[in-house]
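Letter by letter, the chains look like this.
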Amino acid sequence: MSERRTEDQTPSGVEEILRVRSAEGPVERKSPGPTAWFDVRRRGTGHFAFSLNRITGLGLVFYLYLHLAVLSQLLGGEAAWNGFLETATTPLFLGLDVLLVFGLLAHGLNGLRVALIGSGFVPNRQKALFYTLMTFGAILLIYSAIHVFTAEG
Amino acid sequence: MSAEDRVASTTQETRRVRVHRFKRDDGPAHVDEHEVPVGARTTVLEALRWIQLHEDATLALRHSCFHASCGTCGVRVNGRERLACVTPLADVGGGTVTVEPIANLPVLNDLVVDMTSFVERFPEAHAIVRDSEFLPQADVPVDLGAFERFEDCIECGLCLSACPVSATDDSYVGPAALAFAQRMLEEDPGTVDRDALLDWADQDTAAWRCHAAFECTEACPSNVRPAQRIMALRKDLRRRRRDQGRAIPEVGSEDPT
Amino acid sequence: MQAPAQDPRAPTGEPNRSRTWRWTALTGVALLLLVTIHMVAHHFVVEAVGGLRTYQHVLDYIANPVIFVIESIFLVVITIHAMLGLRSVLFDFGLSDRHKQLVSKGLVGLGVVTVAYGFVLIGVLASRA
Amino acid sequence: MRRSSPHVLIIGGGGTGGALAHDLALRGMQVTLVERGEFTSGTTGRHHGLLHSGARYAVNDKESAVECIEENTLLRHIAPGSFEENDGLFVAITDEDMAYLPAFLAGCEETGIRTQVLQPDEALRLEPMLNPELKVAVRVPDATMDAMRMPLRFFATAKANGAVLLNYVDVTDLERGGGVVTGARVRDVVTGRESTIGADLVVNATGPWSEQVAHMAGVDVPIRPSPGVMLAVRGRLCNMVVNRLHASGDGDIVVPQRALSVVGTSSWVVEDPDDLGVPQDHVQRMIDEGSMLVPAVREAPFRSAWSAARPLIGSKDDADSGRELSRTFKTIDHAVDDGLEGFVTITGGKGTTLRGMAEVCADVVGRKLGVDEPCRTRETVLLPHTAVFAA
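Residue numbers (our numbering), protein chains in the order written: chain D, 1463 to 1615; chain B, 156 to 412; chain X, 2 to 130; chain E, 13 to 403.
The hints are simulated quantities; they were obtained by calculation from the structure and are not laboratory data.
Heads up, a few of these hints could be off.
Lysine to any residue pairs mimicking SDA-like chemistry, simulated, CA-CA at most 25 Å apart [to be verified]: (1) K390/B - L1578/D; (2) K1589/D - D307/B; (3) K1589/D - G234/B; (4) K74/E - P114/E; (5) K74/E - G124/E; (6) K1589/D - D391/B; (7) K1589/D - N378/B; (8) K390/B - T21/X; (9) K74/E - A111/E; (10) K106/X - Y1527/D; (11) K106/X - Y1525/D; (12) K1589/D - L27/X; (13) K390/B - L1591/D; (14) K342/E - D286/E; (15) K390/B - S377/B; (16) K74/E - D375/E; (17) K342/E - H227/E; (18) K1589/D - V1563/D; (19) K390/B - G345/B; (20) K106/X - P1496/D; (21) K1589/D - L1578/D; (22) K147/E - L299/B; (23) K147/E - P296/B; (24) K380/E - E187/E; (25) K1589/D - R338/B; (26) K1589/D - G248/B.
Taking the hints into account, I'd like the entire structure generated from these sequences.
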């Protein structure tokens, strides 16, 4: 056993490979996080529904605070409020109103789907439910848009 | 299609295959293109093996059984989760085919992902054999007890790759682990600590993080239907809560403070 | 009532998601109704472009006790739902347990401030009618 | 300072290499295993998953039959939960098959394989999808294994016992000096870097690639890569392994596996075990012969057809079909055969006998390295396959 080479040679090659492999840095890993919502390579309906819910949810929270801020105008009395009303009834703002309705419908109806399926109702028909609710939402959206732009005093 | 119909079709053409490449010493990931000769039933795995053999021996990929039983060859083909071994190129549309590693796991090398963190998501070392529900008319020999068979889940990771919540939140245990937990509860071989398993599932990183996208069920090549199992698991959790006589807590106690 | 054995795998310091999930769902379903009422009452029954009310209209409207109660419930429910949703989104960033707790506490604070501000607003307007 | 134990480098991460790593690690040796791809990606993972009772070889290859039934019994004990333990049937369809029955039963008796002869109605009660024309069926203790997960349990246990298992490390050459193999030149496929792994002994456990690796050391091994075609169809057409009761031939087995049924297998001989192809006529033969056993094979939806190369022991001059080559295994100490020290080849065999092959090889390795430890793999229960991924 005089030619045993264990101590001087064995570890070198193996340990070098192990060391490089266990090194933290160069492993390719797309860091998780909300960028995944916008991953266009994922084309599934379910992924779209999830992303839509996240994005509209954030939009609605933003609107909630915008809305509360705007309503502070009411505290300023009649002049302040009626001044705001003039801006709010321009076509641009009415368009934003339609966007709001879209957000509410998309988030609300998809949320209804998640709640219904997630609590044991209609467990196997999630796609049908999604399309049904979205169709319903689209009809309501069109109706609302027409109403917002045409309702006259 | 029956096996015989598959044998009958043998046209020969070529397909352009784009392959995700990543070697640690070579800087960031890139894409290599290859023109691969294909027949009517050439699979993605056969195309990748052809590239290894004829054009680039350094291409690394995982494979083992070649018939959708081991779960090692999961990749994304044109953005969708597939087992390379049972996905004919003819089935993924015309034109260029893009092959990438599955998502939501670290990529070690080209198409090879590190399955360690996938396996670590599972609640415990899990049984791979269960009772066979097939051929119910069969008269099982007395000395066998019951016909048994392997679990459907082949631990391929395609469900985790397809899950939009896993793509966003790495702490979510993901569909495969939850589906496994539900199967263990459903077909308890008598060795399951049910309470521990339900406690494990009853977390904000487990059954309640699912957002019902059902992408896992779409991706599963083995008909495990993880999303349906997660919903069934929630039902088990609700039933346990009810059995324990817990009322819906006050709003105030909801908050984590 | 006996508590189930503590699972060693369970992360510590985590609220139980089954409750937050349930409350997100319950408030969400309630909001379907409340938002509909709110939108219809504000934008679809008022005969003006955009359906917005004049200053006096708003004061009269909020002074109605039924409306006052509905709007108050709406305020609380939407704030809970929004805070739970924000929490879920923020957790998508892969936070540590400590940061998750900080986020949760911060959102409770934000929710309380939001509801308080809303009540001040409703209260002041109702008192002016 | 304590002198460290000898270091063995195993080339090849199939069932044989994994089982050998496990055995050597239990004997206290330092073990490194290198595999150029994923573990079990060569031949092991591709096989149809039959845990042989040995009955297939009971007439013509009694040595293999005895190996099989011994290992069959042992593996169920050390790898519980890794098998579909539903037994198997040998089914006679033709008069010719019936003529084979007496020799078959005698062979099983002689090799210690328990049998139970079933009349057609009894067999059809067990397995309703069998060819109703069957004349007799013999029940034997076959089983189905997960062709990847069962061998991975050896890897997992070896790793837990200190063996270093490296997948995606390709051996490019063997280091030699003064009639001794001293290690291997390797290329880490993960990084592309080359390095040398020194070893007191190198074991060539590369199955059908044995010849290629042996050539790196300048020696020859009598191995022929003999591929076979297998076919998987959707649907679990039977619960027991269904074999044709005749002398070994093509398409003579249907192995249920998960919700699939695997039909195997043909046999031919190639030069390069990497370039196999899936000959269409072989697939057709699987369909034709498989449906003789279970007619539903013909109509069942296609899942996959593939080839796997067996390492059959024989010489270049043997018959071309590969069927006549022995299915048993061989440990070659190249010091004896070729005067080359530090190099051992273990090859041949089959999935069922992986542990036994490893034991014989580890005895040779231990003797050469002066490690006087007994084999402990017969009684060591293996870790679950997932432990192979443990950090």
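Non-conforming hints, listed in increasing numerical order
none
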